[in-house]
Amino acid sequence: MPYIRGFGTARLDHLLAGIRKLTFNIEVSVDENFSSEQDINSHPWIVQLADVDKLKGVELKSRIEELLRIKFSVTSELRELEAKRQHVQSEIALLNRRLEEAKMEAGKRRNELDRLQISLQQAKVAEKEAMERNTPRLGRPKPLAPLRNIPTYPVLPEYNSKTPNNFIKYCQMDSCFDYSMCPISSRFHFYVYTMTAYANQTKTMFSGNEQPTSNSITNLQEVLRNNQYLTRDYLKACIFLLIIDECEPVKMAQITKRLPHWFGDGRNHVVWMSCSNSGSYKEVLQSDYLKNFGRAIIATETIFKDSYRTKFDLVVSHWKKTLPSGEIWTHLPSIVPAKRKYLATYLGGETDHYVQSELLKIQQDDPQSFVFQFSCNIPLYQGKKPTQSEENEINSGNFKGEIDKGGKNSENSANGKLSSLCENDLLRTRLLIDSTFSLIILPPEDYMILSSDILQLRLYESLKYGAIPMIIGNRFEPPFSEVIDWSRIIITLPSARITEIHYLLKSFTDTDLLALRKNGRLAFENYFSTMEKVVETLLATLRTRIGVPPNPYKDFPSPSVFNETFVPLKLDTFTVDPEEEENLGPIEPSYPSLSFARNYSTIFLQKYEFWNTYFQPFKLYPYTPWDLTMSSEAKFRGSSLGFRPIAGGAGGSGKEFSQSIGGNLPKEQFTIVMLTYEREQVLMNSLQRLFGLPYLNKVVVVWNSPQNPLPDLRWPDIGVPIHVTKAHKNSLNNRFIPYDVIETEALLSIDDDAHLRHDEIVFGFRVWRENRDRIVGFPGRYHAWDQNFGGWLYNSNYSCELSMVLTGAAFYHKVYSYLYTYEMPSAIRDKVDELMNCEDIAMNFLVSHVTQKPPVKVTSRWTFRCPGCPVTLSEDDSHFQERHHCINFFSQVYGYTPLLYTQFRADSILFKTRIPHDKQKCFKYI
Numbered sequence: 019m020p021y022i023r024g025f026g027t028a029r030l031d032h033l034l035a036g037i038r039k040l041t042f043n044i045e046v047s048v049d050e051n052f053s054s055e056q057d058i059n060s061h062p063w064i065v066q067l068a069d070v071d072k073l074k075g076v077e078l079k080s081r082i083e084e085l086l087r088i089k090f091s092v093t094s095e096l097r098e099l100e101a102k103r104q105h106v107q108s109e110i111a112l113l114n115r116r117l118e119e120a121k122m123e124a125g126k127r128r129n130e131l132d133r134l135q136i137s138l139q140q141a142k143v144a145e146k147e148a149m150e151r152n153t154p155r156l157g158r159p160k161p162l163a164p165l166r167n168i169p170t171y172p173v174l175p176e177y178n179s180k181t182p183n184n185f186i187k188y189c190q191m192d193s194c195f196d197y198s199m200c201p202i203s204s205r206f207h208f209y210v211y212t213m214t215a216y217a218n219q220t221k222t223m224f225s226g227n228e229q230p231t232s233n234s235i236t237n238l239q240e241v242l243r244n245n246q247y248l249t250r251d252y253l254k255a256c257i258f259l260l261i262i263d264e265c266e267p268v269k270m271a272q273i274t275k276r277l278p279h280w281f282g283d284g285r286n287h288v289v290w291m292s293c294s295n296s297g298s299y300k301e302v303l304q305s306d307y308l309k310n311f312g313r314a315i316i317a318t319e320t321i322f323k324d325s326y327r328t329k330f331d332l333v334v335s336h337w338k339k340t341l342p343s344g345e346i347w348t349h350l351p352s353i354v355p356a357k358r359k360y361l362a363t364y365l366g367g368e369t370d371h372y373v374q375s376e377l378l379k380i381q382q383d384d385p386q387s388f389v390f391q392f393s394c395n396i397p398l399y400q401g402k403k404p405t406q407s408e409e410n411e412i413n414s415g416n417f418k419g420e421i422d423k424g425g426k427n428s429e430n431s432a433n434g435k436l437s438s439l440c441e442n443d444l445l446r447t448r449l450l451i452d453s454t455f456s457l458i459i460l461p462p463e464d465y466m467i468l469s470s471d472i473l474q475l476r477l478y479e480s481l482k483y484g485a486i487p488m489i490i491g492n493r494f495e496p497p498f499s500e501v502i503d504w505s506r507i508i509i510t511l512p513s514a515r516i517t518e519i520h521y522l523l524k525s526f527t528d529t530d531l532l533a534l535r536k537n538g539r540l541a542f543e544n545y546f547s548t549m550e551k552v553v554e555t556l557l558a559t560l561r562t563r564i565g566v567p568p569n570p571y572k573d574f575p576s577p578s579v580f581n582e583t584f585v586p587l588k589l590d591t592f593t594v595d596p597e598e599e600e601n602l603g604p605i606e607p608s609y610p611s612l613s614f615a616r617n618y619s620t621i622f623l624q625k626y627e628f629w630n631t632y633f634q635p636f637k638l639y640p641y642t643p644w645d646l647t648m649s650s651e652a653k654f655r656g657s658s659l660g661f662r663p664i665a666g667g668a669g670g671s672g673k674e675f676s677q678s679i680g681g682n683l684p685k686e687q688f689t690i691v692m693l694t695y696e697r698e699q700v701l702m703n704s705l706q707r708l709f710g711l712p713y714l715n716k717v718v719v720v721w722n723s724p725q726n727p728l729p730d731l732r733w734p735d736i737g738v739p740i741h742v743t744k745a746h747k748n749s750l751n752n753r754f755i756p757y758d759v760i761e762t763e764a765l766l767s768i769d770d771d772a773h774l775r776h777d778e779i780v781f782g783f784r785v786w787r788e789n790r791d792r793i794v795g796f797p798g799r800y801h802a803w804d805q806n807f808g809g810w811l812y813n814s815n816y817s818c819e820l821s822m823v824l825t826g827a828a829f830y831h832k833v834y835s836y837l838y839t840y841e842m843p844s845a846i847r848d849k850v851d852e853l854m855n856c857e858d859i860a861m862n863f864l865v866s867h868v869t870q871k872p873p874v875k876v877t878s879r880w881t882f883r884c885p886g887c888p889v890t891l892s893e894d895d896s897h898f899q900e901r902h903h904c905i906n907f908f909s910q911v912y913g914y915t916p917l918l919y920t921q922f923r924a925d926s927i928l929f930k931t932r933i934p935h936d937k938q939k940c941f942k943y944i
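Oh and the sequence shown: position 557 is 575 in this note's numbering, straight run, nothing missing.
No wet-lab data here; the hints were simulated from the structure.
All the given hints hold, so there is nothing to weed out.
Computed list of lysine to aspartate or glutamate pairs in EDC-like fashion (alpha-carbon distance at most 20 Å, straight line):
no.	residue 1	residue 2
1	Lys673	Glu778
2	Lys339	Glu554
3	Lys625	Glu500
4	Lys673	Asp132
5	Lys339	Asp443
6	Lys359	Asp528
7	Lys309	Asp324
Distance ranges between label pairs, derived from CB positions:
no.	residue 1	residue 2	range
8	Phe898	Arg655	51 to 57 Å
9	Pro607	Asn815	42 to 48 Å
10	Gly669	Asp645	21 to 27 Å
11	Lys102	Phe929	50 to 56 Å
12	Ser393	Asp848	42 to 48 Å
13	Gly809	Leu587	47 to 53 Å
14	Lys942	Gly809	40 to 46 Å
In this text, all values refer to a predicted model and were calculated from it rather than measured experimentally.
All C-beta atoms, glycine included, are put in the ideal place defined by N, C-alpha and C.
Work the whole structure out from these sequences, hints included.
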């Protein structure tokens, strides 16, 4: 119709409203009014269309049809407009999404730019440090031919038998030892004379009267021949070791004169004397033949006050009846309980009358706590000999002691004095096992004796069976006392205080008793238990005295699972789990931790700790978790090398915190060690998640499967090297092997199915840097006491107290890899292989045993779940039963349970702290 065709789109909205109202009126009632007269009057043509009162019949019908056509036309136009509107809205939504993606990408680029700028700044600092470095990086000590320019010392004073001290006291290390034979840059070596070598030199003297070499001497020589420091080239030797088991002065004089490398005065020689009785010692060390030793160091169990040269001669421990090499723990009783059946005991010959009478009075007053016997003719336990069951009890249960049940001691004599051990080895052993303290009474008949083979044997037996040694008398010289702090192991009581002994012993708390017994056991296991340990301790004492570091631990070879010609395929593109954008640290190239930088300084600064706290003086570590730290201002006053303080030292909140590693130590990185077995896709997914992780040095994948990876397996490029090493066998112990490709102190042990966010890993690394000697990780567990049957239970329930952190996601120091592989009792590693379980518990035991500290748990994670992963070993029903067994077995091996409880976890400093809007938290979610 003409009046419709001319209707413009500009008035479409008005037409739409009018048509809708018109349609409604037509359908409902023609008489009904519009809602607004103004709207109707503004559109005359609508009034005309709606005016149907005067229409009838055909006209009315035509008018209605016209209105319906108008309605259809407008509806069609409205549908087209609605489609256009929806299309425009879709385009707007798409543009909004693209805008948000662009903003996110801009944020990423901005963060990357910030990290690159930080990295550039730190690279400039590193370059400046490299240019200004004034101390060389020290590597492992390399062999160097020793200097042979032997200095001429002043002639020793002429020996006078009436004033022997003039001769004896002359020799000290600086006056009688030739240091040019032991250059500091050369490794320590010793040369040993064989028995046949110097016996042949004096064959005329031995003819007709030769005494066969004892088994103990033969064994000692065999141990020396197998020692790592032995050399057969005397030109490389720092020490020359001579073993003498026949202490007849005439023979000894002939022997020393005819030794090929005696150098005229015995310099750098160690004479290990093993005489048959103390009389021979006294004859040799207090006679005219003393001058035959010259500048040689005398090492012996028996020493006398007049002849002992302090800090020059050596007192060695008992070594003839030591334990066989192997599992030492099987021969030792448990450290607990603290208090045993008897408080103090003594079994031996007669001693000082005053001391003996006072001790018998104490026993009479309290026979349940004290057992003292001073006669070899009275059987112990009121004349009753031990029954067969009592003898079997010694070897039953967890204790499997080695006891000499019938042999007569060479030290025993029939005079009834202290020199007699009464031939009661079995009774003495049984008594020591039941004793809290064991008395060792110095001989009253000769106050010049500072040590004897019998005293050393008593000390050895007391430590072996866990009876805390109590020395009655102040003059006792324990073995290797220049390096071992015996105040942590034994109690020394002046004989004048013998009447107070019962009061003193009862004043020790259970904590004191367990500390003394544990220190004694550690010293026994590491220094005295076997002949090999005694030899190692003797050589380590000499080496420490001279100032030459020990040989380093050997890193384990890490052959690649790929052959030399095969190049693994690379995964060019991959997707990683979306994480909240957060700048966690700079992008840096991989750099190793500084190793072997304290080869010599440790000998002077931390000798005590290595000998008496960690009991590890026999090997050189590339670095340790016990290295010293500097004061806070040192890094700003001349010692800034390697340090990256936050905001240059000004500090700050999250933004400044993320730009530098900060802390009290120089910058460093960590290595991830990931154990895997035939879960290739799970492994690939885990590796992809490590892309862009700050402070990551490299990833070491331990391939436990006997089958090599598939040739078409594609490995992701995560920005750091991935080294896949072939395990020599399928063992969970492989997780803790000190592989040579690991070049950082910090290791993150992680399961191939564990999923950690980057911020969790970086935070865990920062916490570990402040707790380097402990395990720092995520899933916590604890050992619970079985109230029904006794013993320990492994518990993974949610708890406010924990004692273990699972190494499926935990940081630890590489030094514990050395200890786990080379020092930890092999029975523990064998148990791990037997059960294919418990390697994480074993590591927690080891670290707590060394440090006496619990682990540190970080963040709120308690466990991990990998929905797409195959069933793991931990899903097996026997898994927990095996772990119960492991905790109890490991406790038996150590003699106690070293695990300690902790009741806190670590979160970042500003976590849940309200801060101003212009500041950032250290981590957004931690």
